[in-house]
Amino acid sequence: MDYNSDTILILDGIEAIRKRPGMYIGDTGSRGLHQLFFEVLENSIDEVMGGFCSNIEVILRDDSITVKDDGRGIPVDIKKEFGKSALELVFTKLHSGGKFDNNIYKVAGGLHGVGLSCVNALSEWLVVRVKKNNKIYEMRFEAGHPVTPLQIVGETDETGTEISFKPDSLILENIAFDSDYIVKRLRQLAFLNNNVKILFIDEVNNKKFKFYYEHGLKDYIDYLNENKTPIHPPILINNKERIDESNGDVEVYIAIQYTDSYSESIYSFANNIFTSEGGTHVTGFRSGVTKAINDYFKNKQNDPGNNNENSFSGDDVREGITAIINIKLPNPVFEGQTKNKLMNTGIKSIVETATYSGLEKFLEENPNVAEQILTKIEGARKAREAAQRSRDIARKKSSFGSVLPGKLADCSGKGVDKEFRELFIVEGDSAGGSAKQARDKNFQAILPLKGKIINVEKNRIDKILKNDEIQALIAAIGCGIGNDLDLDKLRYGKIIITTDADVDGAHIRTLLLTFFFRYMTPLIQEGRIYSAMPPLYKITHGKKEYYAYTDDMFKQIVEKTGDKDLKVQRYKGLGEMNPEQLWQTTINPESRTLMKINMADAEEADKIFTMLMGEKVEPRREFIQRNADKVNLDI
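Going by our numbering, the first residue of the sequence shown is number 6, and it counts up by one from there.
These are computed hints drawn from the structure, not numbers from a lab.
Cβ coordinates follow ideal geometry from the N, Cα and C atoms, glycine included.
Hints are supplied without guarantee of correctness; some may be wrong.
Stated by the list, open to error - Quick list of simulated restraints, FRET-style, between CB atoms:
| no. | residue 1 | residue 2 | range |
| --- | --- | --- | --- |
| 1 | K455 | E424 | 24 to 34 Å |
| 2 | Q530 | K468 | 22 to 32 Å |
| 3 | Q306 | H512 | 38 to 48 Å |
| 4 | S59 | K423 | 47 to 57 Å |
| 5 | T350 | I236 | 40 to 50 Å |
| 6 | K468 | G411 | 21 to 31 Å |
| 7 | I236 | D185 | 30 to 40 Å |
| 8 | D32 | K423 | 19 to 29 Å |
| 9 | D185 | D507 | 51 to 61 Å |
| 10 | T153 | D489 | 28 to 38 Å |
Please put together the full structure from these sequences, using the hints given.
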């Protein structure tokens with residue numbers, strides 16, 4: 006076929022989005038689906054930040070979702086140069102909207118002008134209603150194109166926008182919204198905007214939620230730390246600064262609280278958008294905290310000079326800290342349309358100065374609390390130094406040969422790319438023996454763990470690194486931990502937690518996930534961590550064999566085959582399976598079931614790990630009592 010001008014396709018905005026949806030919403034899976042909802046929601050939140058909206062309502066139905074607000078309403082007047090209404094242009098033309106004019110929106114989350122047009126393009130249908138000018142306007146789209154003109158369907162003295170849409174199943178892999186995920190995001194937005202009331206009506210699960218937090222970030226940090234023991238009341242920092250005359254003000258809102266935990270929990274937002282990968286505002290915050298703590302310590306020790314020997318590191322000063330950073334700024338620059346990282350260079354110094362001033366003032370005014378914080382930080386420094394000595398010893402040993410753990414049965418295939426290599430973490434020698442016989446040696450490795458690894462939620466890094474099983478894990482995976490983690494040195498594309506389907510297995514899996522979440526977070530963010538799903542039952546009916554991975558599946562198989570002449574084997578451990586069964590059910594890529602561990606909700610994961618593995622007993626007891634009826638125990 007000739008390559009000439011006839012082979013060049015020119016797609017309009019809507020068709021371009023439908024052809025390459027991943028360029029605009031990240032992917033076509035669950036993440037992309039929820040990004041569509043967030044794009045609509047952000048427009049309502051932008052009205053809140055502008056002071057024009059105080060109520061948002063979200064309705065989840067079986068096949069669609071609706072977002073209503075009482076803001077100003079999308080403009081409906083005609084744009085003369087296009088001969089179309091502004092509303093139609095917003096939903097059909099890329100880079101159209103009011104976010105480009107700082108006089109209309111001083112700060113905004115939906116800034117690229119592609120949000121609503123993306124949602125429309127990737128929806129089977131979308132209906133928008135606008136209350137404005139004492140009238141109700143309505144327009145319907147299908148596959149991104151208008152199917153009805155903008156028309157008046159009623160009268161009202163209210164204002165606002167209502168958008169309902171059904172994601173297009175021909176483009177998206179999944180169109181079922183996760184109501185729990187929506188609840189968490191709406192709660193988050195209510196914390197960040199204490200001037201809005203949010204109602205969520207979940208018609209799918211017949212539930213209703215109302216969110217309103219009068220004290221904003223203070224309520225937020227209390228919520229985050231409900232399973233931890235705080236050292237002091239929240240430190241609240243509010244600051245406003247202008248970058249230059251051509252831009253508006255940058256507003257900085259920060260809440261800080263030290264707790265008795267050993268990990269840091271920092272959540273950052275820019276114009277209410279959760280920046281999961283941080284950015285310049287987080288860099289500025291970390292610098293401000295480190296400088297404020299070190300300056301206070303040096304002044305306290307009458308050492309105003311730069312004595313770096315006694316300085317605390319960033320890791321030292323952030324041990325046990327919970328912080329929320331929410332900045333509001335004009336013209337934010339994000340990395341990509343999904344907005345995971347803030348890139349504005351001028352923001353670092355503004356946030357650093359605000360953090361330094363606010364924390365310095367708090368320490369000076371609260372010397373007793375400052376002493377408690379310093380005691381904790383000094384303990385963190387000693388642990389870090391001890392951990393560093395352990396690492397140095399390990400590096401010296403590595404210079405004399407391989408440091409791979411002896412218990413690791415590594416892949417033997419030469420030249421196999423790490424993306425195709427798999428590490429199975431199994432519990433005990435019995436399961437390890439079966440797994441070693443069952444695996445494909447070319448690309449699958451087996452690491453058996455003896456007993457349970459140390460609970461990293463209750464221990465500092467120096468003790469964690471002395472644990473034999475932790476050492477074996479770190480050595481086998483190869484990329485290091487914490488600030489030393491280097492993904493280029495990762496030895497396996499998939500790391501698969503393979504524990505028994507019983508209470509002990511669940512506990513070991515939770516201990517491992519806590520370790521990965523706290524010290525190897527990028528592996529979860531990169532989608533490298535999986536949990537194997539071994540079967541609970543083997544059912545033999547005549548010459549046929551069935552495997553059931555859940556109790557519901559077991560019941561379905563029994564109903565299908567009838568309950569006569571059935572032989573049922575309940576697996577309590579992987580070691581009970583012969584290698585062939587283990588290969589077929591759990592290890593073979595063609596027939597196994599894996600659950601990918603993701604970071605869709607880091608905030609909730611932090612709370613859950615703290616609750617399950619932390620020091621406080623009461624929250625754990627309450628959780629067990631609430632969920633006791635959902636657990637099946639083998640006794």
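We went through each hint and held it up to the structure:
1. K455 / E424: 24 to 34 Å: Given about 29 Å between the Cβ atoms, the range holds.
2. Q530 / K468: 22 to 32 Å: Given a distance of about 26 Å, which is inside 22 to 32 Å, the answer is holds.
3. Q306 / H512: 38 to 48 Å: At 44 Å between Cβs, range holds.
4. S59 / K423: 47 to 57 Å: Holds: the Cβ-Cβ distance is about 52 Å, inside 47 to 57 Å.
5. T350 / I236: 40 to 50 Å: 34 Å, violated
6. K468 / G411: 21 to 31 Å: 23 Å, holds
7. I236 / D185: 30 to 40 Å: 31 Å, holds
8. D32 / K423: 19 to 29 Å: 22 Å, holds
9. D185 / D507: 51 to 61 Å: 26 Å, violated
10. T153 / D489: 28 to 38 Å: 59 Å, violated
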